[in-house]
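Visitor: Below are the chains, spelled out letter by letter.
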Amino acid sequence: MNHSVTLGRYLPGSSFLHRLSPRIKLLVLLLFLVILFMLQTFAGLGLLLILLLVAVATVRIPFRYLVGGLRPIVYIVIFTAVLYFFFTKGGVVLLRLGTLTIEQEGVSAGLFMIARLVGLVLMSLLLTLTTSPLDLAQGMEYFMRPLGRLGFPAGEIAVIMSIALRFIPTIAEESQRLLRAQQARGADFEGGFFSRARKFAPLMVPLFIGAFRRADELALAMEARGYRVGAARTRMHEEKIRAADWAVLLLAGAALAAVVLTGL
Amino acid sequence: MLICTKKLSYTYMPGTSFKVEALREIDLSIDRGSFTVLLGPSGSGKSTLLQLLGGLLRPTEGAIFIDGRRLQYRRRELRELRRRVGLVFQEPERQFFCETLYDEIAFAPRNFALPPGTVKERVEQALQQVGLDDPALLQRSPFQLSAGQQRLAAIAAVLAMQPRLLLLDEPTAGLDQAGQRKLFALLQQLNRRPGFTVVVVTHRLDRVASLADYYLVLDRGGLLMEGSPGEIFSRAEELHRCGLSLPPVMLLMHELIAAGLPFSPVLYSIEEARREINAWRKKVARP
Chain A
1252 MNHSVTLGRY
1262 LPGSSFLHRL
1272 SPRIKLLVLL
1282 LFLVILFMLQ
1292 TFAGLGLLLI
1302 LLLVAVATVR
1312 IPFRYLVGGL
1322 RPIVYIVIFT
1332 AVLYFFFTKG
1342 GVVLLRLGTL
1352 TIEQEGVSAG
1362 LFMIARLVGL
1372 VLMSLLLTLT
1382 TSPLDLAQGM
1392 EYFMRPLGRL
1402 GFPAGEIAVI
1412 MSIALRFIPT
1422 IAEESQRLLR
1432 AQQARGADFE
1442 GGFFSRARKF
1452 APLMVPLFIG
1462 AFRRADELAL
1472 AMEARGYRVG
1482 AARTRMHEEK
1492 IRAADWAVLL
1502 LAGAALAAVV
1512 LTGL
Chain V
3 MLICTKKLSY
13 TYMPGTSFKV
23 EALREIDLSI
33 DRGSFTVLLG
43 PSGSGKSTLL
53 QLLGGLLRPT
63 EGAIFIDGRR
73 LQYRRRELRE
83 LRRRVGLVFQ
93 EPERQFFCET
103 LYDEIAFAPR
113 NFALPPGTVK
123 ERVEQALQQV
133 GLDDPALLQR
143 SPFQLSAGQQ
153 RLAAIAAVLA
163 MQPRLLLLDE
173 PTAGLDQAGQ
183 RKLFALLQQL
193 NRRPGFTVVV
203 VTHRLDRVAS
213 LADYYLVLDR
223 GGLLMEGSPG
233 EIFSRAEELH
243 RCGLSLPPVM
253 LLMHELIAAG
263 LPFSPVLYSI
273 EEARREINAW
283 RKKVARP
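So the sequences go chain by chain: A and V.
Per my numbering, the first sequence starts with residue 1252, numbered consecutively.
Per my numbering, the second sequence starts with residue 3, numbered consecutively.
I should point out that these hints are in silico values taken from the structure, not numbers from a laboratory.
Don't take every hint at face value.
Residues on chain V that point at chain A, a partial pick, calculated with CB under 10 Å [what the hints assert, rightly or not]:
| id | residue |
| --- | --- |
| 1 | 73 |
| 2 | 77 |
| 3 | 87 |
| 4 | 96 |
| 5 | 109 |
| 6 | 110 |
| 7 | 112 |
| 8 | 113 |
| 9 | 145 |
| 10 | 159 |
| 11 | 169 |
| 12 | 226 |
| 13 | 227 |
| 14 | 230 |
Which chain A residues stay away from chain V? Per the calculated CB distances, all over 10 Å, these [what the hints assert, rightly or not]:
| id | residue |
| --- | --- |
| 15 | 1315 |
| 16 | 1326 |
| 17 | 1429 |
| 18 | 1437 |
| 19 | 1457 |
| 20 | 1473 |
| 21 | 1505 |
Using N, Cα and C, we set each Cβ at its ideal position, and we do this for glycine too.
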């Protein structure tokens, strides 16, 4: 299995965050996104990062997962750092490399941006690591439901999302299997990007054929179980919003208000 | 001895909470020219073992020895291994991607950079071996073949590398009776060539399983038993316990053996059982 698959992959558990209603989690994420982009000081951002790390600790996610989840943004972080360090001017000159200089304001603006990025990724990781894709899709459907009155197919979009999420690991596994199967026939997938791109057909063609076949079978299976586009669906498990959910939402709202009022 | 393994272990996604110990400390050996069947219920690690033997997975622990030399997983060594060891995956026709049957079969020989003349020879030989040597088929799409023909074509695509060892994962799965019979005959015919080794993975004691001269039985990642047909089928009770039930005709033969009749405990097809019983009846009728 490819390790990048662990990025944001749901880890079943029973922590407080796991048990929180997905709808509330989505709302709280939204509130914290606003907070993240309203924060103007290092103190405020530091406080938020500490809060996020405390949240991570309560979920008891292995540290590896977190590092693995942050790995994809390493390049963005480096790019951001280079951009800010070299091109934002002002303050004391810290370093001089020929005609390039690194100045104090560039460094502080760069670090601020990186802290924001890390906060952003940590927040979304907290959501996806503690919420099953299906719950997530249903939560999103709930917020899209009002649009249904305007003819927006909220239910269908939710089905499409949950099917897509459900099949990501399946397709990833299938591609690993195909990779090995074609290697057994002497295909060499090592080497540079261009030589790999040329050898794409033996992987992509069977992968697509398989995906189409699977889609056909799934459509048939869904219809056999009475699925109809546009029909109202009920749920076996209606998830309820409990007191703890309301409390968390309230706290998040209070945090936003505090940030606005104190100008942290 | 052709291949042997020492304390071979494989764990999927080690070091994560998704880790699965597929194989634990497997010691086995496969003789040159043998027909070995790897038996085991689903989830017992058969497919993983097959892919390890084909050099497609790297063991988490332990080692594989080929002709006495330890496999080091160097690139050149792996290429040589893949040429000599043909691995037919489960439902291998799902790997098809070419527009014509010819290109599909030629994929492997071309990957080993053989000259065009040799490639053509190899394709023709491989198709002839599996009985698809109708020249009209060559330019047809592999997807237009029947299910049974597709399976044979997929095996031909591996045979075109001219391997000395053929590993097949559930080769009869999803085939009808006629297709299974053809496959059965093909494997038997391949194994008859001197030094050609066949290893078949299956979870059913079907006709293909009856071809074996040596059995390896896996259960939950460990080697439960190994031996000749006689040794394995005299332990039918244990086979049954790990979910490998014997076909009805075998249960009958076992009852007869238990009742003291002189049959040997091998894997019988209905036809073979009938012949055995009739022969015995004739012997008893004319003392």
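Visitor: Hint by hint, say whether it matches the structure.
Guide: Taking the hints in turn, this is what the structure says about them:
1. Of the supplied interface hints, the one on residue 73 (chain V) is violated, with its beta-carbon coming no nearer than about 15 Å to a beta-carbon of chain A, more than 10 Å.
2. Evaluation of the residue 77 (chain V) hint against chain A yields a held restraint, the C-beta minimum of about 7 Å falling below 10 Å.
3. A hinted interface residue such as residue 87 (chain V) counts as satisfied when its beta carbon comes closer than 10 Å to some beta carbon of chain A; here the least separation is about 8 Å, so the hint holds.
4. The interface hint given for residue 96 (chain V) is met, as the beta carbon of that residue sits about 6 Å from the closest beta carbon of chain A, less than 10 Å.
5. The interface hint given for residue 109 (chain V) holds, since its Cβ lies 6 Å from the closest Cβ of chain A, which is under the 10 Å cut-off.
6. This hint holds: residue 110 (chain V) has a C-beta 4 Å from the nearest C-beta of chain A, less than the 10 Å allowed.
7. With its C-beta approaching chain A no nearer than about 8 Å, residue 112 (chain V) sits inside the 10 Å limit, and its interface hint holds.
8. With a cut of 10 Å, the hint placing residue 113 (chain V) at the interface with chain A holds, because the nearest CB-to-CB distance is about 3 Å.
9. Nearest Cβ of chain A to the Cβ of residue 145 (chain V): about 8 Å, under the 10 Å cut. The hint holds.
10. Annotation: residue 159 (chain V) was flagged as interfacial toward chain A, and the flag holds, the nearest CB pair being 6 Å apart, inside 10 Å.
11. The beta carbon of residue 169 (chain V) comes within 9 Å of a beta carbon in chain A, closer than 10 Å, and the hint placing it at the interface holds.
12. For the restraint placing residue 226 (chain V) at the interface with chain A, the shortest Cβ-Cβ distance is roughly 26 Å, beyond the 10 Å limit, so the hint is violated.
13. Residue-level restraint check for residue 227 (chain V) is violated (minimum Cβ-Cβ distance to chain A is 28 Å; threshold 10 Å).
14. A hinted interface residue such as residue 230 (chain V) counts as satisfied when its beta carbon comes closer than 10 Å to some beta carbon of chain A; here the least separation is about 29 Å, so the hint is violated.
15. Against the 10 Å criterion, residue 1315 (chain A) falls within the reach of chain V, whose nearest CB is about 7 Å from its own CB.
16. Every CB of chain V is more than 10 Å from the CB of residue 1326 (chain A) (nearest about 23 Å), matching its label as outside the interface.
17. Distance to chain V contradicts residue 1429 (chain A) as a non-interface residue, since its nearest Cβ pair spans about 6 Å, not more than 10 Å.
18. Its closest Cβ contact with chain V, about 3 Å, brings residue 1437 (chain A) to no more than 10 Å, contrary to its assignment away from the interface.
19. At the 10 Å boundary, the C-beta of residue 1457 (chain A) falls inside the reach of chain V, the nearest C-beta of that chain being 5 Å off.
20. The non-interface label for residue 1473 (chain A) is consistent with chain V: the shortest C-beta to C-beta separation is roughly 23 Å, beyond 10 Å.
21. The beta carbon of residue 1505 (chain A) sits about 35 Å from the closest Cβ of chain V, which is more than 10 Å, so the claim that it is off the interface holds.
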